[in-house]
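**Student:** Spelled out, the chains give:
There are 4 protein chains.
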Amino acid sequence: MPISEYVYHRRVQFPETDASGIVHFTNFFKYVEEAEHAMWREAGLSIADPANDLRWPRVATSFEFKRPLRFEDEFDVHIKVAEKTRKTLRYSAELKKDGEVLAVGSLTIICARRPPGQPLRACDIPPDISARFEAARS
Amino acid sequence: MPISEYVYHRRVQFPETDASGIVHFTNFFKYVEEAEHAMWREAGLSIADPANDLRWPRVATSFEFKRPLRFEDEFDVHIKVAEKTRKTLRYSAELKKDGEVLAVGSLTIICARRPPGQPLRACDIPPDISARFEAARS
Amino acid sequence: MPISEYVYHRRVQFPETDASGIVHFTNFFKYVEEAEHAMWREAGLSIADPANDLRWPRVATSFEFKRPLRFEDEFDVHIKVAEKTRKTLRYSAELKKDGEVLAVGSLTIICARRPPGQPLRACDIPPDISARFEAARS
Amino acid sequence: MPISEYVYHRRVQFPETDASGIVHFTNFFKYVEEAEHAMWREAGLSIADPANDLRWPRVATSFEFKRPLRFEDEFDVHIKVAEKTRKTLRYSAELKKDGEVLAVGSLTIICARRPPGQPLRACDIPPDISARFEAARS
Chain A
7 MPISEYVYHR RVQFPETDAS GIVHFTNFFK YVEEAEHAMW REAGLSIADP ANDLRWPRVA
67 TSFEFKRPLR FEDEFDVHIK VAEKTRKTLR YSAELKKDGE VLAVGSLTII CARRPPGQPL
127 RACDIPPDIS ARFEAARS
Chain B
7 MPISEYVYHR RVQFPETDAS GIVHFTNFFK YVEEAEHAMW REAGLSIADP ANDLRWPRVA
67 TSFEFKRPLR FEDEFDVHIK VAEKTRKTLR YSAELKKDGE VLAVGSLTII CARRPPGQPL
127 RACDIPPDIS ARFEAARS
Chain C
7 MPISEYVYHR RVQFPETDAS GIVHFTNFFK YVEEAEHAMW REAGLSIADP ANDLRWPRVA
67 TSFEFKRPLR FEDEFDVHIK VAEKTRKTLR YSAELKKDGE VLAVGSLTII CARRPPGQPL
127 RACDIPPDIS ARFEAARS
Chain D
7 MPISEYVYHR RVQFPETDAS GIVHFTNFFK YVEEAEHAMW REAGLSIADP ANDLRWPRVA
67 TSFEFKRPLR FEDEFDVHIK VAEKTRKTLR YSAELKKDGE VLAVGSLTII CARRPPGQPL
127 RACDIPPDIS ARFEAARS
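Residue numbers (our numbering), protein chains in the order written: chain A, 7 to 144; chain B, 7 to 144; chain C, 7 to 144; chain D, 7 to 144.
Please keep in mind that the hints were generated in silico from the structure rather than gathered at the bench. These numbers come from a predicted model, not from an experiment. Any given hint could turn out to be false.
Since the list gives no way to pick one copy over another, a pair counts as held whenever it fits inside one copy or between any two copies.
Unchecked claim - The calculated lysine-lysine pairs, modelled on DSSO-like cross-linking and capped at a C-alpha distance of 27 Å, are:
| no. | residue 1 | residue 2 |
| --- | --- | --- |
| 1 | K86 | K102 |
| 2 | K102 | K72 |
| 3 | K103 | K72 |
| 4 | K86 | K103 |
| 5 | K90 | K102 |
| 6 | K93 | K72 |
| 7 | K72 | K36 |
| 8 | K36 | K86 |
| 9 | K36 | K103 |
| 10 | K72 | K86 |
Let's have the full structure, built from the sequences with the hints guiding it.
**Tutor:** Next up, the structure:
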């Protein structure tokens with residue numbers, strides 16, 4: 007069964023806050039990436055599998071911030087496969103606390119390979135990996 | 007003279023890299039924010055001035071990544087005021103190394119105030135701060 | 007029942023690794039602090055409780071590193087209250103993976119208060135907090 | 007001329023602060039490492055030189071914290087080679103702002119090599135690298 011979405015639970019840690027008293031915005035991107043990696047584990051995969059030479063560089067990412075997070079807040083990252091192409095995956099993500107949307111983001115990654123001594127180059131997602139993911143309906 | 011753009015020079019530090027051997031993408035957002043704060047200092051301001059009760063929460067941000075950065079690379083962040091409204095500033099940013107564009111980003115911030123015991127609320131940018139910035143031509 | 011020790015389970019996240027392929031050493035200090043805060047929650051407390059004006063600055067900390075951690079490794083932080091004085095708590099910590107010790111650390115914190123408009127100053131740990139912790143036997 | 011000490015100038019960046027309003031203590035270790043890498047560059051070296059297979063894992067590190075740093079503070083890291091052995095370098099470091107000592111730390115690193123497909127193992131510091139460093143007098 008391919009995976010289309012995943013909910014990742016997290017608590018805010020102290021160094022993620024800044025002197026304005028809230029979570030520094032760059033951590034929202036870390037939270038989405040943690041959710042992505044957890045979704046891959048759920049799919050039986052690792053985004054950095056020592057057994058293959060694939061890399062998954064980030065192509066583009068964005069966030070709109072609506073409400074802040076504070077120290078020790080518990081929240082969920084709802085991550086979805088929004089689009090799957092031959093070479094790329096695009097995720098959409100919502101951060102929610104107590105049912106309220108805090109932020110909405112997007113992350114696009116591309117499959118790449120680094121032949122020894124050559125630069126990284128984009129390649130098709132191998133079928134056994136591609137088969138594990140499916141774009142979410144909505 | 008209001009400021010419209012600024013070039014911030016930086017070197018990659020080791021903890022900014024990750025196990026894939028390149029700078030972790032979240033640091034690109036930190037680099038732009040460092041450039042923003044340097045531009046504010048250049049304008050005679052601090053983004054977190056203890057002498058006022060203003061806050062500048064980040065409303066939205068995005069990045070497109072074209073080429074990686076590695077440990078000890080030197081690069082420049084070219085940040086511009088792309089748009090100025092009554093309450094917001096939107097910056098555009100380019101990361102360049104040896105004249106080559108590595109990544110292109112955008113960051114929108116809003117002026118806010120936190121009255122004691124009340125939630126943060128958006129407010130007009132005070133005239134003495136607004137006067138220091140001007141949207142870049144191009 | 008006062009608390010003397012706590013075991014905190016954690017998985018390595020990608021941005022915690024660096025270009026040498028292992029967890030950057032500064033994250034070991036973050037892991038211990040996360041374990042400390044989890045131990046405080048277990049004791050019914052928050053290290054940064056908005057309901058009081060206490061602060062817990064770090065006075066000293068150290069680590070000896072024996073074995074590395076890698077992306078997606080799961081490990082435990084065994085944190086103990088090694089010493090409790092009127093104003094300070096000293097923790098010792100061991101990071102373990104599969105029963106093997108990866109690193110051994112120490113962290114000393116002091117109770118402090120910041121009267122409005124004055125600098126932070128050390129103070130006695132309030133009895134209701136002190137009663138929650140007890141130095142471990144061994 | 008071997009190098010024995012180096013002064014590294016730095017400004018506090020916003021994400022380095024935490025919700026208590028000061029620099030999170032783990033960043034003091036990052037500052038010392040930045041100073042170390044700058045000292046190596048000053049000695050004509052890179053701590054992560056793609057041209058050799060050496061690694062410099064951190065063996066032990068410690069810090070005593072005396073005064074806090076805040077956003078936009080400028081400070082210096084005074085790093086010294088405190089001891090040089092066949093396989094290790096031990097640095098001592100002082101963070102100073104306006105001549106005042108904020109924190110005092112220590113960092114020990116060991117020279118290691120990772121033969122292909124084998125675990126990392128300690129080795130003697132190569133003569134051309136060892137010759138660039140000398141323990142400071144005091």
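**Student:** Against the structure, test the hints numbered earlier, and report the numbers of the ones violated in rising order.
**Tutor:** Structure breaks no hint.
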